[in-house]
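Chain order of the listed sequences is A and B.
Counting in my numbering, the first sequence runs from 1 upward without gaps.
Counting in my numbering, the second sequence runs from 1 upward without gaps.
Simulated from the structure, these hints should not be mistaken for laboratory data.
Glycine residues also receive a C-beta, built at the ideal position from the N, C-alpha and C atoms.
Some hints here could point you the wrong way.
[Claimed, not checked] Covered stretches of chain A (chain B as the covering partner; in silico rule of three or more C-beta atoms under 8 Å from a C-beta of chain B): (1) 91 to 98; (2) 107 to 116; (3) 173 to 181; (4) 237 to 246; (5) 262 to 276; (6) 413 to 424.
[What the hints assert, rightly or not] Cβ-to-Cβ under 7 Å is the rule here; a few derived chain A residues that face chain B: (7) Trp7; (8) Pro120; (9) Met124; (10) Arg210; (11) Ala348; (12) Thr350; (13) Arg397; (14) Val434; (15) Leu435; (16) Val436.
There are 2 protein chains.
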Amino acid sequence: MAAEPVWSVDPRTGKPREQVAVEATADEVDLAVRAAHAVRGSLADRTARAAFLRTAADLLDEAREHVIEAADAESALGPVRLTGELARTTAQLRAFADVVDEGAFLDIRIDLPDPAATPPRSDMRRWKIPLGVVAVYTASNFPLAFSVPGGDTASALAAGCPVVVKAHPDHPATSELCASLLRRAAVKAGLPEDVVVLVHGFDAGVELIRHPLVAAAGFTGSVRGGRALFDAANARPVPIPFHGELGSLNPVVLTPAAVAQRAEEIGAGLAGSMTLGAGQFCTKPGFVLAPEGEDGDRFLAALTAGVSETEPAVMLDHRMRDAFVAGVAERAALDGVHSPVTPGAGGAHTVSAGVLAVAADRIASGDHHLLLEECFGPVTVVARYGSRAEISEVLSRLPGNLTATLHIADGDAADADEDAAPLLAELTPLAGRVLVNGWPTGVAVAPAQHHGGPYPAATSTSTSVGATAIERWLRPFTYQSTPQHLLPPELRDGNPLGLPRR
Amino acid sequence: MAAEPVWSVDPRTGKPREQVAVEATADEVDLAVRAAHAVRGSLADRTARAAFLRTAADLLDEAREHVIEAADAESALGPVRLTGELARTTAQLRAFADVVDEGAFLDIRIDLPDPAATPPRSDMRRWKIPLGVVAVYTASNFPLAFSVPGGDTASALAAGCPVVVKAHPDHPATSELCASLLRRAAVKAGLPEDVVVLVHGFDAGVELIRHPLVAAAGFTGSVRGGRALFDAANARPVPIPFHGELGSLNPVVLTPAAVAQRAEEIGAGLAGSMTLGAGQFCTKPGFVLAPEGEDGDRFLAALTAGVSETEPAVMLDHRMRDAFVAGVAERAALDGVHSPVTPGAGGAHTVSAGVLAVAADRIASGDHHLLLEECFGPVTVVARYGSRAEISEVLSRLPGNLTATLHIADGDAADADEDAAPLLAELTPLAGRVLVNGWPTGVAVAPAQHHGGPYPAATSTSTSVGATAIERWLRPFTYQSTPQHLLPPELRDGNPLGLPRR
Chain A
1 MAAEPVWSVD
11 PRTGKPREQV
21 AVEATADEVD
31 LAVRAAHAVR
41 GSLADRTARA
51 AFLRTAADLL
61 DEAREHVIEA
71 ADAESALGPV
81 RLTGELARTT
91 AQLRAFADVV
101 DEGAFLDIRI
111 DLPDPAATPP
121 RSDMRRWKIP
131 LGVVAVYTAS
141 NFPLAFSVPG
151 GDTASALAAG
161 CPVVVKAHPD
171 HPATSELCAS
181 LLRRAAVKAG
191 LPEDVVVLVH
201 GFDAGVELIR
211 HPLVAAAGFT
221 GSVRGGRALF
231 DAANARPVPI
241 PFHGELGSLN
251 PVVLTPAAVA
261 QRAEEIGAGL
271 AGSMTLGAGQ
281 FCTKPGFVLA
291 PEGEDGDRFL
301 AALTAGVSET
311 EPAVMLDHRM
321 RDAFVAGVAE
331 RAALDGVHSP
341 VTPGAGGAHT
351 VSAGVLAVAA
361 DRIASGDHHL
371 LLEECFGPVT
381 VVARYGSRAE
391 ISEVLSRLPG
401 NLTATLHIAD
411 GDAADADEDA
421 APLLAELTPL
431 AGRVLVNGWP
441 TGVAVAPAQH
451 HGGPYPAATS
461 TSTSVGATAI
471 ERWLRPFTYQ
481 STPQHLLPPE
491 LRDGNPLGLP
501 RR
Chain B
1 MAAEPVWSVD
11 PRTGKPREQV
21 AVEATADEVD
31 LAVRAAHAVR
41 GSLADRTARA
51 AFLRTAADLL
61 DEAREHVIEA
71 ADAESALGPV
81 RLTGELARTT
91 AQLRAFADVV
101 DEGAFLDIRI
111 DLPDPAATPP
121 RSDMRRWKIP
131 LGVVAVYTAS
141 NFPLAFSVPG
151 GDTASALAAG
161 CPVVVKAHPD
171 HPATSELCAS
181 LLRRAAVKAG
191 LPEDVVVLVH
201 GFDAGVELIR
211 HPLVAAAGFT
221 GSVRGGRALF
231 DAANARPVPI
241 PFHGELGSLN
251 PVVLTPAAVA
261 QRAEEIGAGL
271 AGSMTLGAGQ
281 FCTKPGFVLA
291 PEGEDGDRFL
301 AALTAGVSET
311 EPAVMLDHRM
321 RDAFVAGVAE
331 RAALDGVHSP
341 VTPGAGGAHT
351 VSAGVLAVAA
361 DRIASGDHHL
371 LLEECFGPVT
381 VVARYGSRAE
391 ISEVLSRLPG
401 NLTATLHIAD
411 GDAADADEDA
421 APLLAELTPL
431 AGRVLVNGWP
441 TGVAVAPAQH
451 HGGPYPAATS
461 TSTSVGATAI
471 ERWLRPFTYQ
481 STPQHLLPPE
491 LRDGNPLGLP
501 RR
């Protein structure tokens with residue numbers, strides 16, 4: 001069987017640019033996993049691990065122009081956005097190097113023996129150990145920060161797990177470039193290059209999740225693809241943890257008091273957030289509950305004006321562009337749905353942003369479930385409610401989300417907005433993060449950040465952003481009554497490495 | 001359809017004692033889950049939650065004689081063991097009350113806003129919130145500590161999750177008694193009694209895992225039952241976390257130096273550990289790699305002697321007794337397996353402990369996989385190895401375990417046992433806890449304890465024993481830019497509740 005070629009495609013023209021790789025066969029996936037598994041012991045050296053992560057960041061920075069050019073050529077996201085994304089990516093690698101050095105993630109707990117206790121207590125020393133080879137499935141919409149050198153890879157390596165990355169077909173050349181930089185960084189840090197291995201191909205991704213030596217997986221992508229891999233991970237003879245971020249509608253609720261106070265500001269803000277990056281953010285606000293009546297009309301007019309002024313944009317690939325055009329057409333054709341700004345195909349290879357509107361009672365009564373499914377791209381659905389009860393009825397039908405946003409009266413009027421507290425309570429079970437009077441796009445990397453949420457936002461209770469993302473690739477392990485010379489230095493008497501311990 | 005009766009059965013006679021309940025229909029399971037879900041908000045009050053857990057411990061202590069009598073009548077575990085188990089259970093409830101009061105489990109992280117940063121940083125406040133209704137599937141072999149008032153229930157309630165417990169058919173009367181005490185304790189602490197609801201019946205357990213309002217599940221039991229529920233939890237439209245402890249072989253490796261030094265002591269120690277509680281502990285050492293030759297023979301003789309002296313014992317129920325008798329017969333009939341002490345049916349309603357022995361190369365070559373499956377009850381399999389390579393070959397075929405035990409030379413000879421370090425490294429991927437020169441039965445509740453391990457020992461990386469068991473029932477949640485009056489007091493400026501925060 002001839003190897004299937006992997007082409008890098010220009011989304012601005014739809015034309016293939018160059019063949020950059022071939023799809024991995026089942027045997028090649030097996031070799032890739034075995035290669036990564038064979039070198040897992042090398043990552044036990046935390047000093048080398050931290051040096052590796054920092055060197056990887058340095059090499060990415062040094063190759064900045066080349067990396068951004070490669071990513072832009074395959075994603076059309078533009079150099080400004082990609083420059084920021086690369087900075088975020090290298091900052092993330094360095095932050096995980098600091099996490100490795102600091103060692104708190106090892107969560108060391110030591111119980112000294114107490115022969116006088118009844119029953120006598122043994123010497124027990126607990127820490128966390130890496131799970132093994134991690135499979136990383138990369139995202140289309142972040143060719144760097146959620147791809148080969150992204151958060152899943154960085155956190156898995158920081159945990160001491162070798163990584164086999166399944167490249168996203170939207171940016172195979174960028175993936176090859178980044179993987180070669182990571183592998184070079186490994187060697188510079190004294191580690192084998194196979195601590196990071198790259199494979200291409202849909203079938204390769206399926207083989208990967210089934211491989212007996214794969215111990216966990218990280219995924220960022222669609223509900224359909226993510227659920228299929230989640231199911232495969234759980235159907236294995238030995239199931240493995242699958243940390244997936246699959247999809248999110250990111251609902252927004254506007255109280256009557258909020259639109260009475262700031263209809264134009266909210267409309268303009270929403271237009272900016274939902275069209276940012278051609279609406280291709282996982283936190284794009286895709287569903288808005290706004291009141292009927294004059295204030296709500298003013299909000300919708302401002303949203304409409306802002307979206308109308310948005311230039312048509314190139315989406316990440318033509319398959320997504322087709323899915324967006326078909327998805328908005330299907331939604332717009334639903335009974336009672338109208339289009340204040342019709343979204344759809346723009347000029348050559350672009351899409352134009354748009355807004356769909358519907359009466360909330362259509363959704364409250366159980367119709368139009370499609371409007372509660374994420375439509376990837378620059379569109380949002382405005383559901384106009386006539387009563388407080390309709391809001392609750394609609395919210396009760398929503399799936400899980402990364403974020404939920406509440407706009408209430410602000411300033412001196414904030415305390416008087418009686419809808420605020422009960423609505424916040426209703427939004428809490430629906431999301432991993434709630435925002436008040438803000439917009440969900442732009443996920444700050446900060447200690448208090450949580451990027452996750454109820455299914456399908458995430459398949460686990462973990463975060464995929466921030467320092468605690470490392471916890472996904474570790475398991476607790478206890479040594480009982482083990483002589484000093486057989487313990488890892490991290491757990492020996494006298495704390496020779498000066499680690500945080502309890 | 002008539003309701004199926006639930007009988008309490010005396011394992012010492014096999015005779016029904018009394019009808020204590022009826023099996024829950026699908027509608028009744030739905031009502032049970034809805035009742036628990038309806039009162040979930042009441043558990044938000046951490047003071048009441050802690051008081052409830054302490055009151056539950058007090059009521060169990062007050063009813064001590066009655067509880068132990070009920071548990072003994074259904075389990076035949078005897079009042080001494082059950083007195084200890086009850087003490088452990090109430091200590092666990094009180095320990096989780098302390099965890100609730102202390103509040104570190106909320107894992108609060110606060111990022112204050114920084115308008116001067118580029119981009120400006122928002123106010124973000126993260127903590128952990130309860131998942132919702134937790135389904136608890138109780139264990140046969142711990143009618144208290146891993147049942148209605150046990151660790152899963154205590155940790156879920158401590159997390160703020162109402163609990164629907166599926167009673168184990170081996171102790172329905174004990175379950176009813178404990179559930180009534182827990183419900184009475186809730187009311188005494190000012191909470192609705194439905195924060196704990198009990199259901200009986202196999203079909204009810206299946207309905208429970210599929211219920212849309214069940215948010216997570218805890219399970220302690222067999223691989224077959226646990227895997228079926230794990231699969232059902234993952235096949236739901238909205239999958240839920242399933243924390244199961246399914247089965248464990250608990251391998252033991254004896255180095256040549258260990259048996260040269262302490263063959264008799266090790267043999268006697270193993271005989272005690274494997275027959276403790278009629279071999280019905282999840283950490284029973286069920287598989288032993290011992291060297292061929294004279295020292296190994298001395299070990300086997302000591303083990304044989306110890307096991308031979310063990311009195312026949314009543315198992316938890318007659319189904320288990322039958323499974324044990326059939327399981328050991330099937331194993332003993334394998335080619336090359338002999339029985340230094342033949343295990344099997346004892347006198348009326350009892351079983352006798354025994355030892356099976358086989359050459360390790362039979363297993364190393366891939367035969368006799370059955371010997372690597374847990375056989376619940378007082379039996380262990382001794383595999384005699386002829387070479388160091390055989391040990392590695394056999395270990396590579398082992399499933400995941402709660403524990404792995406290594407016996408090496410001790411005292412001044414310890415450093416000279418060259419097998420120790422590499423064997424410890426080979427055992428690490430196979431277990432959640434390794435012990436050196438000890439025995440795995442008796443799981444101390446201590447901060448450094450880890451009770452879990454690679455599948456099938458556990459279906460997740462969590463522990464089911466100890467304070468961190470609470471983490472299974474929580475998820476991180478972030479408030480962004482949320483006004484003070486809308487934040488829970490735990491997250492407000494000035495830390496009004498004095499909680500640990502970062």
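Status of the hints after comparison with the structure:
1. Given a C-beta distance limit of less than 8 Å, the hint that chain B covers the segment 91 to 98 of chain A is violated, as 0 residues qualify and 3 are needed.
2. Taking a C-beta to C-beta cut-off of 8 Å, the segment 107 to 116 of chain A contributes 3 residues in contact with chain B, enough for the three needed, and the coverage statement holds.
3. Counting residues of the segment 173 to 181 of chain A whose C-beta sits closer than 8 Å to any C-beta of chain B gives 0, which falls short of three, so the coverage hint is violated.
4. Beta-carbon proximity to chain B at under 8 Å applies to 3 residues in the segment 237 to 246 of chain A; the threshold of 3 is reached and the given coverage holds.
5. Evaluation of the coverage hint for the segment 262 to 276 of chain A: breached, as 0 residues show C-beta separations to chain B shorter than 8 Å, against a requirement of three.
6. Interface restraint, the segment 413 to 424 of chain A with chain B: holds (5 residues with C-beta to C-beta distance below 8 Å; minimum three).
7. The beta carbon of Trp7 (chain A) is not positioned within 7 Å of any beta carbon in chain B (closest approach about 35 Å), and the interface hint is therefore violated.
8. For Pro120 (chain A), the suggested interface contact is broken, since its CB lies about 10 Å from the closest CB of chain B, more than 7 Å.
9. Below 7 Å, beta-carbon pairs count as interface contacts, and Met124 (chain A) has one with chain B at about 4 Å; its hint therefore holds.
10. Hint status for Arg210 (chain A) relative to chain B: violated, with the closest Cβ pair at about 15 Å, above 7 Å.
11. Hint on Ala348 (chain A) is violated. Least Cβ distance to chain B is approximately 33 Å, over the 7 Å limit.
12. The interface hint given for Thr350 (chain A) is violated, since its Cβ lies 27 Å from the closest Cβ of chain B, which is over the 7 Å cut-off.
13. Using the Cβ-Cβ criterion of 7 Å, the hint placing Arg397 (chain A) at the interface with chain B is not satisfied: the shortest such distance is roughly 12 Å.
14. Against a cut-off of 7 Å between C-beta atoms, the interface hint on Val434 (chain A) holds, since the closest Cβ of chain B lies about 6 Å away.
15. With its C-beta approaching chain B no nearer than about 4 Å, Leu435 (chain A) sits inside the 7 Å limit, and its interface hint holds.
16. Taking 7 Å as the C-beta cut-off, the interface hint given for Val436 (chain A) holds, the closest approach to chain B being about 5 Å.
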